[in-house]
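Given the sequences, and given the hints that come with them, work out the whole structure.
2 protein chains.
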Amino acid sequence: MALLFKSHLDDPEAWRRALLALEPDLDFRVWPETGARDEIEAALVWAPEPGDLARYPNLRLIASLGAGVDNILSDPDLPAEVPITRIIDPDLTRQMSEYALTQILRFHRRMDDYERQQRAGVWRVLAQPLTAERRVGILGLGVLGSDLARKLAALGFDVAGWSRTPKEIEGITGFTGEEGLEGFLTGTEILVCLLPLTPETEGILDKDLLAALPEGAYLVNCARGEHLIEKDLVAALDEGRLAGAALDVYRAEPLAPDHPFWAHPKVIVTPHCASVTTPASSAPQFLDNLKRARAGRAPSNLVDPSRGY
Amino acid sequence: MALLFKSHLDDPEAWRRALLALEPDLDFRVWPETGARDEIEAALVWAPEPGDLARYPNLRLIASLGAGVDNILSDPDLPAEVPITRIIDPDLTRQMSEYALTQILRFHRRMDDYERQQRAGVWRVLAQPLTAERRVGILGLGVLGSDLARKLAALGFDVAGWSRTPKEIEGITGFTGEEGLEGFLTGTEILVCLLPLTPETEGILDKDLLAALPEGAYLVNCARGEHLIEKDLVAALDEGRLAGAALDVYRAEPLAPDHPFWAHPKVIVTPHCASVTTPASSAPQFLDNLKRARAGRAPSNLVDPSRGY
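Chains as they are written, first to last, in our numbering: chain G, 190 to 498; chain V, 190 to 498.
Keep in mind that a hint or two might mislead.
[What the hints assert, rightly or not] Residues on chain G that point at chain V, a partial pick, calculated with CB under 8 Å:
id, residue
1, Arg283
2, Glu287
3, Met300
4, Gln307
5, Trp312
6, Arg313
7, Val314
8, Gln317
9, Gly345
10, Leu370
11, Ile393
12, Pro443
13, Pro446
14, Lys455
15, Pro460
16, Tyr498
[Unchecked claim] Just some of the chain V residues that point at chain G, by a computed CB distance under 10 Å:
id, residue
17, Leu198
18, Trp235
19, Arg308
20, Val311
21, Trp312
22, Leu315
23, Gln317
24, Glu322
25, Val332
26, Ser335
27, Ala343
28, Val456
29, Val465
30, Thr467
31, Pro468
[Unchecked claim] Quick list of in silico lysine-lysine cross-link-like pairs, DSS-like style, CA-CA up to 25 Å:
id, chain 1, residue 1, chain 2, residue 2
32, G, Lys455, V, Lys455
33, G, Lys340, V, Lys455
34, V, Lys396, V, Lys340
35, G, Lys396, G, Lys455
36, G, Lys480, G, Lys455
37, V, Lys455, V, Lys420
Since the hints were derived computationally from the structure, they do not count as laboratory data.
Ideal Cβ positions, reconstructed from N, Cα and C, are used throughout, including at glycine.
This is how it looks when you write it as structure tokens:
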């Protein structure tokens, strides 16, 4: 039996090395060179071709190469009976919190304003909001959001989180569901999106949501490009209602050369680099799940397709 | 008896309000309107005029408005018998660690490179050093340096510290004294200076020290401008040995309009804003020390002039 690998983002040779170091007999095949289709027992994938996963009759595990599975669940022909897993890796979480912290601290300490002053040769100490009074709001309190929330609280920030179902995290003000969203947004000066992409969260960062933030707020989106209505963000920045945005994800990646984000003075563009799966760190959990699937046991980090994560 | 206030950086009215809110009878005088000199019992100062503090016969407390006292000890006519205190304020410490973290994360996550890419419209994920393998080295493990060290270690960095006398901090690799400096520098990829300014540390960030860092290292100086030989830094950056520097302090402040730092593409200039004393937060410790001085007791946060801090 064999493993099928497919991703346009991840390096197959790095994964081959990491997996074979742990299981030397693994039959590792890189799409489209699948060999006999009935020999494929597991798929380790990012954004597989729609319809492709339905073509392996003996498939018993579909593993996403990332923390999100929207890249898999969007396939209308997905075989319903095969378990789907995602990577929940302490190192992925750590990378994501670190990226968000980097951008939050930059905005909090007004480094965008200081860089503008430097370009103009201006020496002036700017009013600095107190950390304890700086409200950072996190959309999504899953594994990623709750890790970031704890790290921000440890640094002394006033942290709030919004989640679909109630979550209790010490020191974090929690808001829940549709009815909690406005109260959450009204108090949020730096908004970080760490939601999973589902039909409910697609386009959530729109005109209305951005308008509910206080004047001069900042946005950090390191979840999925599809969370954001990009033209609504540009409008909010241009009208001066938002002070800045740091974006790692986009509706279309790579970002088109003529996209307005590139040259926008209030937008920081990074190329989907916030958190990158490292084969050495994530290979063990995939192999463990492969063993469980072979033994007919439930894998860890199992996705509920009806929930979307 | 009266209190004399003098600073070109701090707002006398904010201090007056904060002190009088706690001690309404305080006779608060702002230099040069000192009134009768023999009525001055305490001086709350930043960079007093050399020779001035010797002119108050009943002075029994000299309090620096900041964490450093080089601005006072540089006075050759300082009255030797009057105790000198400095501000050790959890909020000053927190601000300083936050500033350093902001700059360290920016360099660690290669935001300078990503900003260059953005300006050129380039979409490319850059190699990201692992946090656990990223060595941040802190010069000075006093109140400020050790707070930063702990926060960096909590975020997963490989942290080392260098101090005059041995310091034990859990999870931090310690180096001590002249003989430990080279080993400390050789392994440091991001160097942060948080030393007090003393005759021993003046000019410590020179050509030789910068040359001992590995190729591509970064410098963050948020201590004192006099720690750095500024032309040596420009040379190290221009020759490509150093990758970047974030500076908050300078030999002459405000930074002269024609200073090469302003326009240097690898230098971040901030206007001595890393950590600003807030009257409300620091007034209580000054008043407590004034009470102690009146009672003939030793004040807290007492400076040892022979050590320089």
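Status of each hint after checking the structure:
| no. | hint | in the structure |
| --- | --- | --- |
| 1 | Arg283 | holds (6 Å) |
| 2 | Glu287 | holds (6 Å) |
| 3 | Met300 | holds (6 Å) |
| 4 | Gln307 | holds (5 Å) |
| 5 | Trp312 | holds (4 Å) |
| 6 | Arg313 | holds (6 Å) |
| 7 | Val314 | holds (5 Å) |
| 8 | Gln317 | holds (7 Å) |
| 9 | Gly345 | holds (6 Å) |
| 10 | Leu370 | violated (29 Å) |
| 11 | Ile393 | violated (25 Å) |
| 12 | Pro443 | holds (4 Å) |
| 13 | Pro446 | holds (6 Å) |
| 14 | Lys455 | violated (12 Å) |
| 15 | Pro460 | holds (5 Å) |
| 16 | Tyr498 | violated (24 Å) |
| 17 | Leu198 | holds (9 Å) |
| 18 | Trp235 | violated (14 Å) |
| 19 | Arg308 | holds (8 Å) |
| 20 | Val311 | holds (8 Å) |
| 21 | Trp312 | holds (4 Å) |
| 22 | Leu315 | holds (7 Å) |
| 23 | Gln317 | holds (7 Å) |
| 24 | Glu322 | violated (12 Å) |
| 25 | Val332 | violated (16 Å) |
| 26 | Ser335 | violated (16 Å) |
| 27 | Ala343 | holds (7 Å) |
| 28 | Val456 | holds (8 Å) |
| 29 | Val465 | holds (7 Å) |
| 30 | Thr467 | holds (8 Å) |
| 31 | Pro468 | violated (13 Å) |
| 32 | G/Lys455 x V/Lys455 | holds (20 Å) |
| 33 | G/Lys340 x V/Lys455 | violated (29 Å) |
| 34 | V/Lys396 x V/Lys340 | violated (29 Å) |
| 35 | G/Lys396 x G/Lys455 | holds (17 Å) |
| 36 | G/Lys480 x G/Lys455 | violated (48 Å) |
| 37 | V/Lys455 x V/Lys420 | holds (14 Å) |
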